[in-house]
Structures are given as structure tokens and as C-alpha cells.
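Turn these sequences into a full structure, and let the hints steer you where they fit.
Take 1 as the starting number for the sequence shown in full-length UniProt numbering and just add one per residue.
I should point out that these hints are in silico values taken from the structure, not numbers from a laboratory.
Here the structure is a predicted model, which is why all the values come from computation and not from measurement.
For each residue, glycine too, the CB sits at the ideal point set by N, CA and C.
Incorrect hints may appear among the rest.
Here are the simulated SDA-like cross-link-like pairs (lysine to any residue), alpha carbons at most 20 Å apart as the crow flies [claimed, not checked]:
| hint | residue 1 | residue 2 |
| --- | --- | --- |
| 1 | LYS662 | ASP236 |
| 2 | LYS580 | GLU623 |
| 3 | LYS133 | SER742 |
| 4 | LYS580 | LEU622 |
| 5 | LYS253 | ALA384 |
| 6 | LYS598 | ALA624 |
| 7 | LYS478 | ARG508 |
| 8 | LYS632 | PRO563 |
| 9 | LYS403 | ASP348 |
| 10 | LYS602 | LEU612 |
| 11 | LYS415 | THR370 |
| 12 | LYS478 | SER109 |
| 13 | LYS253 | THR228 |
Have a look at the derived ranges for each label pair, beta carbon to beta carbon [said to hold, decoys possible]:
| hint | residue 1 | residue 2 | range |
| --- | --- | --- | --- |
| 14 | SER109 | ASP161 | 14 to 20 Å |
| 15 | PRO431 | GLY367 | 29 to 35 Å |
| 16 | ASP161 | ASP268 | 43 to 49 Å |
| 17 | GLY197 | THR269 | 25 to 31 Å |
| 18 | ASP576 | ALA174 | 48 to 54 Å |
| 19 | ALA171 | ASP18 | 25 to 31 Å |
| 20 | ALA171 | ARG436 | 39 to 45 Å |
| 21 | ALA347 | ALA12 | 47 to 53 Å |
| 22 | LYS222 | GLY303 | 18 to 24 Å |
| 23 | HIS630 | ASP576 | 16 to 22 Å |
| 24 | ASP268 | ARG58 | 46 to 52 Å |
| 25 | ASP645 | GLN74 | 46 to 52 Å |
| 26 | LYS730 | PRO502 | 18 to 24 Å |
| 27 | LEU612 | ASP268 | 34 to 40 Å |
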Amino acid sequence: MLISPPFLPQRAASSPDDPWLALAMNGGGFGDGAFPLGSDMAWHGGVHLVAPSHDGKRLPVCAMADGTVVYVRQPKPQTSNANDPLNYGGGWSDNGCVVIRHETEIGESVTVRFFSIILHLKRIASNVKQGQKIWRKDEVGEAGSIYGKPGRVHVEIVCDDANLVALVGRASGALNTGKDGRLTSVFGHAYLRLPAGTPFYDAIPLPPEHVGFWPETTALSKPTWSSTDALVVGIDLARPHGTHYVTYAMDGKTIGSMPAAADTTLFDTACALAKRTQGGVGRDAYELLRFGRVLEPLGNAAGLQDWQQVACPGGQGWVNLHAEGVHAFSDADFPDWCGWQLVDDDADSDSRCDSATLIDLILQSQGGATKARRADALGKVAGADAQARLAYTICKFPTEWEKATIATRWQWLTKETPPDAGPIAGPYLKPEDFPRFKAHSEALCFWEDADLGIPSKHWHFHPREFVRVFRQCGWLSKDEMIQLFPKTAMREAAHHQWVSEPITVLPRTVAGYHNELNKACRRYGIVTPLRMAAFYANAMVETQWFARLEERVNNAHPPRYYPWNGRGFMQLTWPDNYIKYWLFIGRDVDDDLASRLKAAHKEVERRHKHHLPNENEPLAVLEATVAAAHMKPWRTETGDGTRIDISADTAGTFWAWNGFAKNADTEPVNQRTSKPATGTGSHMYYSSPGMRSVAVAINGGGNGLVARFQAYNTCEVVLLDTPAFPGSNKPNEPQDYKPRHS
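Structural data, given as C-alpha cells:
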């Protein structure tokens, strides 16, 4: 899923998300369009956002994700007629409305469907038409007025029961912490729930021979402290802004944190851990260190131990995060300790909140939804702490946009008195004023006309928190992955003679590759937009735009590393790299043969340096021995299409052991460049130092560098929010950019 806020202020791609989201999705304070409750404790399914400004102009409203426009209502022109139903409650409210159905993926075989509702638009973009596709960041329209306040829109995110399960992993209630979280969708932080009684130590309580790669060693010892309650340790190793082990109480309160090594060091640490574990496999250890569990075991995963120094109520101590009774989760599980609650206990059909769960959450005590407690909740709901807690609720209640049920949902306003009113006060709304209120509501309603195919009582998410959590996902659907390919790319046909050629992408090919590529990227922390852009830009060029998983070889003049030529999505080359990968995934490699191949590699390079004939002969003469050791099938499967998992995993492993994330994380500084292409004139592209460093390291030189930059530019547009391309006719797109939209 690729998702962004409905407003897109300019940002640096390498900057943290949270401050930017606060600017992009500003608004929604209590009494001014908060979620999920309005000022009279009535349900409110979205938030009112204030359009940010740039150069004195309000930013347009944009599509939050790819989707299909399923409903459009053009706004009614504003009038000064005081009796117009839209002139109500303090001023004019624009009624322009667009509803988009989004269908995407958040994990292997986890397809989700949700709707974004954007209301109070004063203008709708001309290209937004019912039944047509729309793409993330496409303009939807212009924010209008809400009760006389300009530059505002109402935004909702809703789904039905089946898609709630797909999105959050459960249908109701709290997360089941008696077993690991889901495997099909894993993203964001990893969380390890430590049961009560978990022992903590001053130093790792293992013999030195078992802990040589940890910073401390000690003989077996007794624990210095044991937890009296369950605790949670959170890990986020795939973010460039600092990594920590954060310890939480089960109610979400932070106990403390300890710094963790950057994820670029995980490969070496994992290999050391596996080596010191009987039956241990490097890749299993790598997944354990990143996710707190092994998602796809290859060896003795149960025997691995993960000793980390973490904060605890007793101060800090060493704990085995892979001990018996520890269960692992991620942000994809919407855990309770992060504040998430599913609320579905308001049984009636009116719009007043009678949810005991929500009232208990506001009051921080249990007691149900009595009239007195509802009044107490109304007095406290505006507080910052209460609003912060409510933002993480996912609530099921009737839509406020159904005309036929207005009286059913709102008649209580004419019968009940506000709890803070005086003894002679009347109801919220006088009965004689209800027809005007009803007319105003009808002017905004659209539910029957939109016919979304979901019940009118459905699930609502806080839009900002929905965007925040799913921006961590990093899993691309097939259609999102196809968009990463540029429409054209340049290559040097002869010395200083360039041609620009169209790029053909077969959807069925991408469909066959995208699951394993997503899993490899998830495994190796290639889940931020900048890392994904650098990875996919290089993988596309390395494989001739996914057309070949094995390097094409001229048998008359084979490359010096033949038959260890490039295979997989990063074109793994040379025997040393193949063997390093095989050892990492637990395959047995004869030490003597590995040494002979290493020596042959050196001899090949010596011959190449001195321009000697038959430079790849030292490798060729070992082929019979390689075949006898059963290595040839391993080598072949990397690039023959029979093991796409291996083709993708070699690419991710190569990325990890070379630490490419460090350069990929640098802010793109796009520098405008052009090449004259034969027959088609000059073509613009943008180079960037960080991408250049990754590309040169992957390819060992500048081969295909221009095409890699062009692919990277396209990835920037698709994956980033506001990439900057100086001198372009559109500042957030390369010159003459053409999207690949199906």
C-alpha cells in the first residue's frame, strides 16, 4: 500500500514523517471536527482538516491512494440566501463531495478495500469523474468552507467487516497475545511481549564461547530482576532516524529505551549468532534480530537466542527476546499497547454515542454508558489526553450521510438537554428548528446516491492515524510495482551516441515476481521510500526491466567471471558472492572447494589486469568439481525463474551485506542533466549522489547509470511525497514525465 495525506506540503524525503503529517493533516480538534465524537457526544466519522498554504495559496486536496472514483457531487455555488440549507450553523458549508474506493495489498495474499470520503469541496478537478481511476497525489479539488470557516474539508476512512479483518487482523476485541501476530502482514515496529516472571540479568548469563559477538560475557548466573507483570519491547530497525529498543507496560506507558545497532550491521551480527547456534542459519538469525521472530525458518530457528540489553522497571538488564513464552507482533497487528481499540458496543441506531467502551476510555474508569457517565465524559472529552486516546479507536457506527435515517439518528436532539445547561434550559435543538436542521443535513448527505456496496453501519478510522500506520507498510501491490518502471530509458548504443527506447513491462511478469520481491524488501529493511527507490531502480536495470534474471552471455567471448555470471534481481556475480549467500541460507559448502574458487577468482583478476588470454579459464576448469558438489543447480536456480524466492532473496542479501541502505537513506539532490539521443533530440534526467553511490557499488562501475537515474526518478515520483526536480515544468516531476498508469 502506498498512501499519503490529502494535502502535500513540500518536504525533504529523508525527514521524519510525524512532524510533516501534523502539518499536512492539521485540524480535527474537539468542537471543530474531531474524531470520533462531536461536541454533543454524537458520532463523527472523520476529521475536519485545514488546507496548508504555500506561497500564499492553499494547497489542493489530493487522492490519498490509488483507486476508483465511485461518487462525485459537484459543489453548489455559494449564495447569500440565508434560507439556503447550506447557510446554516454560522455560515456557508460547501457540499462538493468525492468518494474513492481503494483496493491494494498490505502483505502476501492480504488484499484490502477501503473508501476515502472527501466532503466540503468548493471545486472538483475536471479530471475527477465517476467510474474513472485516480492515482495517489492526483488533485481532487479545492477545500471549501465548513460553517463559514474557509479552507477546510471533512475526510473519512471507512470499510466493512470483512476488510476490517484484512486491515487490522481481527474482527473484534483486543489482540490475542497468547500467540504470535500474523505472518502475512508484518510492518512497522516489531513488538516482543515478555510474560510476567521474565528474568533480566546484569550480563548475558551464558558461557563466553556462546556470546563472543555480544559486548559482554559472563558465566552462568542468577537473574538480577524478574518482571512481576508482562512487558513489551518494541524494535524499529528499518528507519534511518535512530533505532532503539523501547520497553512498554501493557497499558502502553513507556518504561525506558536503550539504543540499538543500526540495521546496516545486522548481517554480520546474524551470521555470528547463527554460527554459535547448533543448526543455526544466518537468514533465520537475521529475521529474528529484525522481527523478533523467524518468519520463514530455514534451520533450527527455535535454538536461536536473542540477548539484548533493554530498559525494565528495575533499571536495565539483559533479556532473551526469543525465550519460551515470548510472543512477537508488529504494527500490522494494531496492538492494544499502542492504543488501538475496536469499538462496536453502541447497539442503537441513533447518532449519539452510547458506547461504554468509549466512555470508559475517556474517563479512564469502568462503569458503562449511563447518563451520568456520559455527562462526565462530555466534560473531559476535549482534553488533549482524551483526544489522543480516541484517535486510536476504530469505531463501528452508522454513517451520518444517509438521508433516510436523519430523523432516526438525530431526533434525540429535540428531547435531551445538554448536561451542562441550567435548570430551565431546553433541549439541544427546539422541535420547531428540527426541519431546518434536517434540510441542512439532507443537503450534505450522499449515501443512497453513492451506493458504495457496504452497510450504512460500518467501521471508521481516524484518517491521520490510518495514514500514519499504513505508511510504514512498504508492501507494493502488483499495480503499484508496475508504476515504478519508466516509460522510456536511454542507453549508449555507441561511443557517446545515445538512444532513447520505450520500456515494455508485462503485468503477468510483475505479478509473478512481486510477492517474493516484497518479502525480500521486508526482510532486509528495504521498506522506506528512499530505500525502495534505490533498490527497484537498480533491480530494473540489472534485469533488463524484469525481462532477464540471468545475465546474457556471449559464448564466444564470455565475461571473465563466467560461469558465475550475474543472476537474480541484483545479478549476483563471482563465486565468492554465491558461496556467501549459500552459507547465509544454511547450505553446506565444501571449505576446500570454496578456497579453490577464491584462488581461481584472484587468478582471473590477475590475468585480466595483465591482459592475458583465457582469463576465465581458472574458473572454467573447476566446473566438474562444482558439479560434483551439487553447486551447479544452486547457481542455475538463482536466475532460471524456477526459484523466484532465491532470485529476490539474493538481491536483498546482497543489499544487506554491502550496507547499501546508508547511501540510499541520503536526501536526493536531483541535478538536472541531459543527453542528446539519436533521432529523438535531447532527453532530460536527474542524477543524485546517493543513488549514484548505490548504483556504482552494485554494478562495479557506471554501466547503465543513466537508465538507473531515469528509473530512480520514476521511483521518486511514485514512492516519495514531494520529490524536487529543479527546472522541470512540474516541480515534483522530472521534465516531460509520463506516468505508467493502466
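**Message:** If you test the structure against every hint from before, which numbers come out violated?
**Reply:** Every hint satisfied by this model.
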